[in-house]
Amino acid sequence: MTSGQMDALSDEQLVARLGSPEVEAAIARLYDRYCRTVFGVGLKMLGDRTLAEELTQEVFLKVWRSSGTFDPARGSFSTWLFRVTRSAALDLHRKRARRVYPVPEGDSQILAARDDSAGPQEIVDESWLTWRVSRALDALDAPYREVIELAYFGGLSQREISLRTGVPLGTVKTRTARAIQSLREGLALADAWWVATR
Amino acid sequence: MNRPERHPDLTAFVLGALDPEETEEIRRHLTSCPRCRNELEGLRKVNRALDAAPPPVDPPGHLKEEILTRLRAERESHAEYAEPGKPTKPHGGRRLRLLSGAAAAVIAIVVFGILFGLPRAEAPATTVALVPTPEEATGLDGYWGVAKIRPQPSDNQRVELRLNNFDEPEPDRYYELWFASGDRRISAGSFTSVGRGETRVWLNAPPEARSFDTLLITEERLDERASGTEVALKGKVP
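Chains A and B are the protein sequences, given in the same order.
FYI, this note's numbering numbers position 54 of the first sequence as 54, with every residue one higher than the one before it.
FYI, this note's numbering numbers position 225 of the second sequence as 225, with every residue one higher than the one before it.
Worth flagging that the hints you see were computed from the coordinates, not collected in a lab.
Here the structure is a predicted model, which is why all the values come from computation and not from measurement.
Mixed in with the good hints, there may be bad ones.
Derived lysine to aspartate or glutamate pairs resembling DMTMM-like cross-links, with alpha carbons at most 25 Å apart [said to hold, decoys possible]:
no.: 1; chain 1: B; residue 1: LYS45; chain 2: A; residue 2: GLU185
no.: 2; chain 1: B; residue 1: LYS236; chain 2: B; residue 2: ASP223
no.: 3; chain 1: B; residue 1: LYS64; chain 2: A; residue 2: ASP11
Put together the whole structure using the sequences plus the hints.
Here it is as structure tokens:
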């Protein structure tokens, strides 16, 4: 199969090739499609670049190892990959936190070692939205994603974005409006319930 | 009757991407435009969703090649197992499969062999066999583990865990390794497993764990308010 033909395969078709001699090409395509989301979600959940890199490695290896358990009839690859990512992130999170439970006899030194950072449930609740927003941003064409990133993450005004990118101000405004509308529609599909409760 | 157009700067207003004078103009506009006021709340929800967005950072370029290198290495080292990626017998959570008495005996022999048959070149390590708890062992297979405990210069206890056929936990569950003594327990960390074949994990326990005489692997629920922790494997520390 040529490189172009591999590019044209769906996520689910690529997963089906993880048990074939084309495994490396298949996992490389899945990596290209999802690495930004997995890494970004890892960074957001774990707050550490090194851990996010470790997470990204573990997730894609686990995709290969566990691909036999993926059932397209039960959900999309993206949803399954989110579960794999969440599970691996929690593992890293817990590995980092030394958790010690109180004991009946009461050992003050052990009790003092309890971890006060965010609990795993809080991390999981947030991570699904993080995943969906990341996928919705990735689905935008580059010029549209750029205006959102410069405005939201870069803190630039529309005028500053126009100056920095050389794109006319009117075009920047149009792209911003369309990008937000696309995000709104994308998120509404799966996360209306979540956004509505914020 | 035509609906009035939404103000072209409304989206940028919500993002906070307008200059001060433009912001003031939008605020004035909102006082007299019900359409834009209605739109505003929907746009603000998207803006709040962006709070959860990951930072726009690409992973380092070398990561992809590292993953492919590890994949190649693991494919070679796992040659004795079924090729990962090929469909295997479906299994949900840590479901136990019935085995024949002969197969159970083979596993017992393997565990015994690891316990007593392997050379102990690394003298400081303590080896612990981990076997299913009695309630679960009756007529059921097929998973077992070996833990090697090695004291570190920091006095922490490094635990190398090798688990065989230890199924992947359900999505809302995970495994946890404990040092236990009577009613007291200290966690050495949590992990997941790969299912069929061998899972290896390395965990750390604090120095206090030295005085504990039992290792437990439990299946924990993500929701810590839920009860029902199950002990899956247990072993006596010599």
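Check each numbered hint against the structure and report the violated ones by number, ascending. When the structure is compared with the hints, only number 2 turns out to be violated.
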